[in-house]
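Engineer: Construct the entire structure; sequences and hints are all you get.
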Amino acid sequence: MASTDQVQTSPPSIFRPRIRDGMIVVRRPANRNDAAIFWTGTYFIPPNGTNGAIFMDFPAFLADLEAHFQYDPYLDEIHYQIPSLSERLALDAAQIGPNDIQSLQPEIGIVRTYSQWVAALGAMQASHLMRRSSIEYVLRSGMVTSSVRHRVQPVAAAQFCIEDLQQFYIGKDISDVPKPAAVLDVAIIRRHCETMLRTIKTLGVGFRVHVKSHKTPEIAKLQVGDSTEANFIASTVMEIEMMIPLLQNLKQKGRKINILYGIPLVPSQVPLLAKAARELGENSITVMIDHPDQLPYLEKLSSLAGHPTCVFVKVDTGYHRAGLPPVSLNKNGLLEKLASAEEIGGARLLGLYSHSSLSYSGTTPEQAMGHLISEIRGCKDALETNLHLLPKRELIISVGATPQVVSSQNLLRDDSPYAEARELKALLRETNVELHAGVYPILDMQQFSTNASADAGFLEDEIAIAVLTEVCSVYNDGEREKPEALLAAGTLALGREPCPSYSGWGVVSSWQLDGVTKASSERLVVKRISQEHAIVTWESESQAKIPLRIGQVVKVHPNHACVTGAFYGWYFVVDSDQDTETSRIVDVWVRARGCVERVQSIMRYSLWAYSLVLASAAATTTSLSDICTTAYAKKALPIDAIQGVTVDPSSISTSLVTNFTASSIFYPTSTFDYCNVTFAYSHDGIDGDIVHVQYWLPAPGKFKNRYVSTGGGGWAINSGSSSIPTGVIVGGVGGLTDGGFGSFTTEFSSVALLENGTINWQATYMFGYQAQHELAILGKQLTRNIYNVPSNEKIYSYYQGCSEGGRGGWSQVQRFPDQFDGVVAGAPAFRWAQQQTNHLTGNVIQKNLNYYSPSCELEKIMNMTVASCDPLDGKTDGIVSRSDMCLKHLNWDSILGASYSCPAVSGSAFAGATPAQTGKVSAKAIEVIKAFWEGLHDSDGKRVYFSYQPGSTFDDLQGTYDSSTDSWKLDISGLGGMWIGLFIDLLQETNIPTLDGVTYDTLKEWMILSQKKYGDIFQTTYPDLSDFQAAGGKVIHVHGEQDYSIPTASSVRYWNSVREVMFPNKSYTAGAAALDDFYRLFLIPGVGHCGTNEYQPGAPWPQTTLQTLIEWVENGKAPATLAGSGDIETMCRWPLRPLWTSNGKKFQCVHDQESIDSFSYDLDAYKLPVY
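Take the sequence shown: its position 140, counting from 1, is numbered 140 in UniProt numbering, and each next residue is one higher.
Please keep in mind that the hints were generated in silico from the structure rather than gathered at the bench.
The C-beta atom is built at its ideal place from N, Cα and C for all residues, glycine as well.
Every clue listed holds true.
Below are the DSS-like pairs computed for lysine-lysine, each with C-alpha atoms no more than 30 Å apart in a straight line: (1) K221 / K172; (2) K212 / K634; (3) K1013 / K482; (4) K392 / K337; (5) K275 / K221; (6) K256 / K201; (7) K300 / K634; (8) K212 / K527; (9) K212 / K201; (10) K545 / K518; (11) K794 / K634; (12) K380 / K337; (13) K527 / K1012; (14) K930 / K1167; (15) K201 / K425; (16) K1013 / K1167; (17) K201 / K392; (18) K1145 / K888; (19) K275 / K256; (20) K253 / K212; (21) K1012 / K942; (22) K545 / K1012; (23) K1117 / K702.
Listed next, with one range per pair, are the computed distances between beta-carbon atoms: (24) S1160 / D176: 50 to 60 Å; (25) T363 / A1073: 54 to 64 Å; (26) Q543 / S894: 53 to 63 Å; (27) E279 / N991: 56 to 66 Å.
Structural biologist: This is how it looks when you write it as structure tokens:
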């Protein structure tokens, strides 16, 4: 192949690849008629005269490729000049049937990412498949025939074998492989496996190895060594299928084999497990149950397999992921029903199984051994409690996780200093224990930090897995607060799981680092991480220069090997026993997710069958009842819409609802019929991950080619049935998600922390932006499939949400600019770090001034404020339309001493009882209100955050009445307190207990700390919306002017940030006009937070904003104003302000610079800009 050091200049015609969704696209120059197509991921451009199938002679192709292919690593371009090609044959796609394709399918591997295209190309060159002289390469378009309306995604397959990867890479230097890449040191793996097998043999206990961490038969073989029994665990059936050749080989050698499907049995996997059981024989497949409703699936499995299925009953010994507590093992007669199944040959109970990862949070051998002791004792208690219900034979107790099992190595030392070692050794002698573990052969930073083995060495001697990547840039010359380097590997290469032993996302190996050794006290860690990049710096506060250079290849040890491995199709293997530099590739191990047999079966039939079924359905579907069946909806599921996501067809449910009436301030009251479709999906490689989504479908006759996602509020990721109807009302499919939190009513706050007291990052990212992204992708494809919308017809996609839902909409606009055609974002919770903490400002003011107003006093001040400020807009209507004028004209003297009186109020589930109240507005109360409206400043007088507008209710100042002292006292804001409790203190509490010692500076520090820790998730204020504008997107942004939860100025700040960043060279007026092209902000007079205001009941709300947005997107009618549903019919778009003249009879939107300035704040307490 031509050297990559030289680039051919100005070739007659070149193919320049474009990156599209991570794939290579080769485009044919317009001035040429002939073309060659090589590996292009999942997209291809056919030459003239074809309808999607290319047949070509590969020897000729490779010869041309050898002579004319060049790669420029600096421009990142592929140059390929095309001469004439011999023996090229093009056939019409309609002539190809499933049998033809099947005959063309040797072993298939799918290379999914741009970084792996070189590997595919190399494998093609090396493959014996390409040394033939006939049809070798097949690409197909998504259209089966022109009459099929549903478009299936285009597919292309490079045909090569696993052996070809090995032939191409073995012997090469790992620095030369596509990066990022996953690398394993087989010498470390061998040592860990041999140590574990010696330990198990010495202790005389059973052993079962988990394959889910590495998903390779090569490591699985090392895990079981040459012991008599070979017992495995797998988390997926795909892993079991991968293991079948190894299991058959072990069985042929006379070894006893068994593999456990490691989650409670589900019906969709029964046929696949039965197939494996038939191939491997009796006692080879074991399943797990923890509920009597799983027994029918167990009996079905045994029936299909032709022999009893082995069973473990799952026990929950404290980890609470699956299983029953020891005292509840016979839930609903589970053990009795299992005994009955065993009597008729439907099952064979092996024992009890427990898996506890509580030890992952430990840091000493004593803690790890203590967890193992607790786990064994919990299972023993379960056995003894239910002895009368169990078979009269010795049952197995299978327990463990890598830290617990590794800690058992401490038992081999006669001089072990640990009391737990002696207790554990005695317990193992008296119990029929089987230990199980999985990640121990490769380890990772999480496992290494547990220090489970007292004999562990340096982390680079213990952790076998590393991610290979390159240095993009280095910042050693004062550009940052401390030296840093940028790596070309982010969350999608390393994972994003925390490690208790350090603050970071990976540790850089000393491999080939100048001046750094594995014994060095200073180490480089991944301190910050984004999707595709990572920031590396010293773990300490060292100011030493980073010993990296641009283009250097480095290894990073990840926090969680299981998750990291899931991002790669294979591992490059090195051997430090043979090569101390660990640079030479000795093998390539393909993971289970690349299982070629499954790809083959999908390729052979899915395109034709799926398309024809949908085409047939299109001809007959005319009513809502036609589409609202589980069978129809299952065929329309967006199975392959998202890479790395598995949709569960068995989870789908449909429900036809008629004459449903929906009423809300967000849409006009409507009565309609709809179909509720709900299903679940999971993220590959994440244990226990289940996300539920719900879509409401309108009748086909009402469908207008629209899809609408909806958001939540507060800590909720959805607003349930109060928001989702908006989609059906506008003739679209409405969607909502549960974020993977457990149910549609489970809020993020209840899952934000893991049981070990650390942040649940998966849930956090789902809440932050990912769940809404996936909801939209799945929803749009489901919509197209359900209504059989042709690929050349547009489905308009929209989003509507308020508060947290408003922030959710902006998270999609900023991160995924082409996802929605239009977004309605109300009162967006842009800056969680500031706004949640800001809810405590009023409480600190009250505490500092030692005054807590009675509720009636606050109500009096509010009513007098509204009455005083109402006429300032030129019309007296009970609505403060110009809050900006209020403070200037408010007469505090008239409020001081004003009498108030309120009747007693009985308590409720939401508020305590209050007595009858009478009194006069005090000077202290006015002092509190003035400070509250002045907003948060630090001890230097610098502004920390925005103020609420006058006329907004005093929710953050509401106290609680203490009947025992007949006085009012502090009531700490739950919104602010929960944020600090969960995300700063990492405590699963609904509030913080006290504000003692909390100052204004404390609030600022909490805000800054929150922004540092969670800025990439909850600070949804990225101001450059150029990509969204270029995609043709539109946003209508609304915010109540009297919002009591999120200051109105927060939205003005973001609008102005977008204007300044996108149009820096334009004047304020010109920039605002340019922004109007796609983004319009409306302040709604008198309105509170995402709703009406009890003190200004006539205030308007723009109830038809989504319909207005649709008119803008689909018909080009940009809204100059919004229509209100209250006493004010028209609302101005910012920066224009409402004004009435002629005694309130004439309305106009005017420019008022003083008003604009009043919403502008200098947040000078921050060193960095706050957008």
